[in-house]
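Engineer: In order, the protein sequence lines correspond to chains A and B.
Plus 622 on top of the position in the first sequence (first one is 1) and you've got this note's numbering.
Plus 27 on top of the position in the second sequence (first one is 1) and you've got this note's numbering.
Please keep in mind that the hints were generated in silico from the structure rather than gathered at the bench.
All clues given are correct.
Simulated crosslink set (DSS-like; lysine-lysine; CA at most 30 Å straight-line):
no. : chain 1 : residue 1 : chain 2 : residue 2
1   : B       : Lys98     : B       : Lys154
2   : B       : Lys75     : B       : Lys142
3   : A       : Lys704    : A       : Lys765
4   : A       : Lys755    : B       : Lys142
5   : A       : Lys670    : B       : Lys125
6   : A       : Lys738    : A       : Lys700
7   : A       : Lys704    : B       : Lys116
8   : A       : Lys670    : A       : Lys704
9   : B       : Lys106    : A       : Lys661
10  : B       : Lys98     : A       : Lys691
11  : B       : Lys75     : B       : Lys154
12  : B       : Lys116    : A       : Lys670
13  : B       : Lys98     : A       : Lys738
14  : A       : Lys700    : A       : Lys670
15  : A       : Lys765    : A       : Lys729
16  : A       : Lys755    : B       : Lys106
17  : B       : Lys106    : A       : Lys691
18  : A       : Lys681    : A       : Lys704
19  : A       : Lys738    : B       : Lys106
20  : A       : Lys738    : A       : Lys704
21  : A       : Lys670    : B       : Lys134
22  : A       : Lys691    : A       : Lys677
23  : B       : Lys98     : A       : Lys661
24  : A       : Lys685    : A       : Lys738
25  : A       : Lys661    : A       : Lys765
26  : B       : Lys116    : A       : Lys755
27  : B       : Lys134    : A       : Lys729
28  : B       : Lys77     : B       : Lys106
29  : B       : Lys134    : A       : Lys704
30  : A       : Lys755    : B       : Lys77
31  : A       : Lys681    : A       : Lys700
32  : A       : Lys670    : B       : Lys142
33  : B       : Lys134    : B       : Lys116
34  : A       : Lys755    : A       : Lys661
35  : B       : Lys98     : A       : Lys755
36  : A       : Lys700    : A       : Lys661
37  : B       : Lys142    : B       : Lys77
Incomplete in silico selection of chain B near chain A, CB under 8 Å:
no. : residue
38  : Val46
39  : Ala53
40  : Lys125
Quantities reported herein were computed from a predicted structural model and do not represent experimental measurements.
Every residue, glycine too, gets a C-beta built ideally from N, C-alpha and C.
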Amino acid sequence: MKRKFNFFDIVIIVLVALVVFVGYKVFVDTSGKSAASNKQVTFTVEVKNNENNLKDIVKQGDKVYDSIKGGYYGEVVKVEAKPSTAIVADTQNGEYHIGEYNHPDNKREDVYITLKGNPTSLTEDNIQFASQKIKIGEYAYLKTSNYVAHGYVVGIDIIE
Amino acid sequence: MTDNKGKVFGKINIVDLFVIIIIIAAIGLTYFKFNLSEHSDVVSSNVKAKYTLYITPLRDFTIDALNVGDKVYDEETEKCIGTITNIEKDDAYEYMTKTDGTIVYAKLPERQSVKLTVEANAVLNDKGISVNGSKTLHNNQSLLVYTQKVQTTGQIIDITTEVND
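Isolated chain A, as found in the complex (with noise of 0.2 Å):
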């Protein structure tokens, strides 16, 4: 009876094999480290210079997504605001200084809202919800059904 696989059938499938298993160690598996996706965590998004009253329109328990690529954030915990300020340069005299914003309704403000969710992959060097890394000093695009709004991540904590 003439065999399915000959040795050097065998040996072709052991090196695709071998390969494959060193491919997702290298380009897969790059922290060693597993993913602790049970720890909640909670991050802070900077939106500034808000005039639609974006304070009164984001709620504790709207459920937000990741509106680049669709990943599932969390629910905000936490809605805050303040005027919005800059820093101007005072060319006069050679300073910088905060300076804020004469809004005849002083409506510009900065609004701070925190998240709260499971990230999908928690490991020593990335925070990632979805394919979304959360970093602090990089841009988060936020969407729920009744809003958008976007800004940097000021804030990061790990619920242990």
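Since the structure of chain A is already known, use the hints to place chain B on it.
Structural biologist: Then chain B, alone, in the frame of chain A:
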């Protein structure tokens, strides 16, 4: 070289032989890329590199999220390039052109600069100081780096090596 059944030297099918050669070449290329390409002409191995990353300007919440003991990763290679061993904070400044045309170095309010001391095991070769076999570090080099919680750009302003015991 091939018999009438298409087998090279009567033993192996020519297509099988071609696939085996391709796979071996791919394994060799991958090993070379990840293990050998940064290590040509090694001058000294097993050194400890200590470098200072200067980052400015930063807001307080970013500085508060950086801690001694945090691992630093390179955004380009996604590999660890050391551990923070010291954090030194200072005021942040920026140049401003005054109305009289002079250029002054003025302090920025609500901003600070930091110098992160980062230490890593490294290999010293003719290309420079190679950390984790993937990133070569140089003075004056700008790096996009991240920790678990922070991503920022810093500049290497000082780098030294000492031989590991």
